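For reference, the chains in residue letters:
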Amino acid sequence: MSSTIAPAPQKLRTRKKITAGSVAKNVSALLIAAVFIFPVYWMFSSSLKPQHEIMTKDPVFFFEPTFENYTTATGVDLFWTYVRNSLTVTVCAVLLALLIALAASFALARIRFKGRKGILLVVMMAQMAPWEVMVIAMYMISRDNDMLNSIPMLTAIYFVMVLPFTIWTLRGFIAAVPVELEEAAQIDGCTRGQAFRKVIFPLLAPGLMSTSIFGFITAWNEFAMILMLNKERESQTLTVWLTQFQTAFGNDWGATMAASTLFALPVLIVFIFVQRKAVGGMTAGAVKG
Amino acid sequence: MTVDSQGTANAAPQDAPGRAAGKSQTPPPAPSGSKEVLQPSRGRRSLPSGLLPYLLVAPALLSMAVLLLYPLIRNVILSFQELNRKEFITRETVWTGFDNYTELLGDSEFWTVVVRSVVFTAVNVFLIMVIGAGIGLLLDRLGKKMRLLLSLALVFAWAMPIVASVTVFRWLFDEQFGVVNWLMRTLGFSGYEQHNWFETGFSTLVICLILLVWGSVPFVALNMYAGLTTIGTELYEAAKMDGASGWRTFWAVVFPNLKPFFMITTFLEIIWIFKAFTQVYAMNLGGPDRASETLPVFAYIEGVGQFHYGVAAAISVLTILMLVALMSFYFRLILKQEDEL
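Quick mapping for you: the protein sequence lines, in order, are chains P and R. Read in order, the letters of the first sequence correspond to residues 1 to 289 in our numbering. Read in order, the letters of the second sequence correspond to residues 1 to 341 in our numbering.
Since the hints were made in silico from the structure, they are not lab data. For clarity, every value in this text was computed on a predicted model and none was experimentally measured. Treat the hints with care, as some may be off.
Stated by the list, open to error - Capping the alpha-carbon separation at 20 angstroms, the derived lysine to any residue pairs in SDA-like fashion look like this:
#1 K198/P <-> I111/P
#2 K57/P <-> W182/R
#3 K25/P <-> K145/R
#4 K259/R <-> F331/R
#5 K145/R <-> I18/P
#6 K259/R <-> L285/R
#7 K117/P <-> P59/R
Hey, can you work out the whole structure from these sequences and the hints?
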């Protein structure tokens with residue numbers, strides 16, 4: 001429909017001959033792309049540079065890559081403890097949030113009940129909770145309950161951090177599954193639970209996937225809470241490790257950049273996959289056809 | 001948000017730390033309200049249907065009450081207590097009424113930080129919106145390959161975890177071997193032999209600003225571009241035929257069509273930047289000499305660094321109140337959009 005008609009005017013546009021305007025456009029696009037990619041590129045490239053190529057007044061752009069910085073970074077005391085803590089905290093928080101959110105968002109998307117609007121409003125507000133400014137109170141609560149330096153406590157906090165967002169998005173995904181499918185299953189003799197498990201759940205898989213990735217990124221990135229609550233090194237995560245790395249290593253920027261790369265890589269990879277959804281969603285409702 | 005990078009502005013506000021927050025996502029459009037099921041109790045179900053929804057939402061509400069609502073209340077309670085080093089260690093509860101607040105409100109340092117935070121946020125959000133909208137418009141006018149290249153670069157900046165990007169920026173602006181000093185020298189500026197960018201609070205905040213703009217622009221630009229694709233080409237054609245200039249076309253065609261997007265995104269960015277903690281704290285720990293502290297960092301350092309937990313709680317409460325005021329505007333905008341709610 002609209003997509004079959006669309007190419008025509010575009011072709012006209014691209015056939016235009018090269019004008020000063022189009023050169024300016026493309027050159028500025030290149031410059032902007034360079035500015036935005038540069039810090040990421042510089043992190044990668046610095047992480048692969050041998051020590052003597054880093055400590056130079058004029059930066060070296062061509063060099064023989066080496067992995068020695070990565071050996072230094074991963075050789076740090078307790079590195080694997082931080083990795084394990086980070087993974088435990090994020091994965092458990094996200095899974096728990098998915099489970100609890102699935103139940104809640106099913107009710108919110110599919111059942112009309114008293115107080116539903118109010119709950120939706122609460123979820124929406126909870127999404128904007130200013131966690132960064134709540135660290136003092138959270139610290140006192142944890143201290144009173146002997147939960148400082150505790151991985152379960154941190155997991156619980158991260159779980160509530162990602163929960164509202166998870167409910168909100170999953171509710172959208174569930175609402176998008178036609179009710180008729182569920183009804184058909186029930187007519188065929190499924191109970192409501194079975195209809196959910198066998199019909200809605202498989203259709204939700206992509207939604208669950210991207211929702212959990214966004215939750216994962218939030219929890220993986222979290223810094224203020226862990227900085228405040230878990231001061232013992234054994235209970236810290238990669239975020240704290242990374243911010244303290246450079247101080248601990250004097251000015252070993254090569255190793256610091258290797259550490260940053262290791263920390264950023266999982267997020268960069270998964271984000272490339274889901275970002276289309278992050279952007280596309282806004283217009284999804286407006287596409288005609 | 002980082003993830004904090006972050007939904008599209010229209011339906012999924014998210015709290016991804018900073019721009020990580022930037023990462024949220026809007027669910028596919030829900031079918032209209034008429035499709036809501038009125039579920040007659042069909043077949044054998046052990047639960048009375050009236051109770052089922054409440055049981056399903058109970059765990060979620062309960063956990064939010066314990067780990068979100070209670071800490072907020074506790075925060076307010078703490079702000080009415082005297083909680084310095086002595087009380088902190090002996091675990092005494094000393095009530096002081098509004099002392100923490102009067103002390104703060106009469107303290108010029110507090111007002112310096114407030115003004116600093118407000119100006120910092122305003123400049124940040126202005127730059128983010130202008131640059132983001134500009135790049136969004138550029139994306140719309142580019143050829144296919146160039147557009148892909150530019151969006152890819154933007155996505156990389158968007159996806160960078162905040163803590164990693166702070167570390168990288170510290171390296172870019174390093175005193176001895178930083179590439180920025182080299183760039184300044186190459187461009188012919190003098191005085192950048194070993195320029196220490198973290199020497200003053202102002203210069204530290206400028207670097208935080210560059211970092212925040214760099215990290216937040218992709219969210220605005222890509223969503224702006226997505227929004228632009230929804231405006232029919234006919235409108236542009238019509239404007240062109242009427243002889244409208246590019247500037248005029250923007251204000252007469254693009255802006256009115258995307259007004260909700262601009263409003264919502266602006267408020268989201270204000271909220272995110274105002275409460276940005278990681279970027280400012282990890283950059284230089286609020287230093288030098290506490291001169292780069294914004295409100296969230298100020299609260300943290302008053303508490304942990306100075307052992308004034310009561311005062312810190314009062315700062316948090318005041319910061320949260322300011323955020324709530326901002327959010328009430330934001331929610332009003334969102335609710336207008338979400339008629340389906």
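Each hint tested on the structure:
no.: 1; hint: K198/P <-> I111/P; verdict: 19 angstroms, holds
no.: 2; hint: K57/P <-> W182/R; verdict: 7 angstroms, holds
no.: 3; hint: K25/P <-> K145/R; verdict: 13 angstroms, holds
no.: 4; hint: K259/R <-> F331/R; verdict: 16 angstroms, holds
no.: 5; hint: K145/R <-> I18/P; verdict: 16 angstroms, holds
no.: 6; hint: K259/R <-> L285/R; verdict: 38 angstroms, violated
no.: 7; hint: K117/P <-> P59/R; verdict: 17 angstroms, holds
When the structure is compared with the earlier hints, a violation turns up for hint 6 alone.
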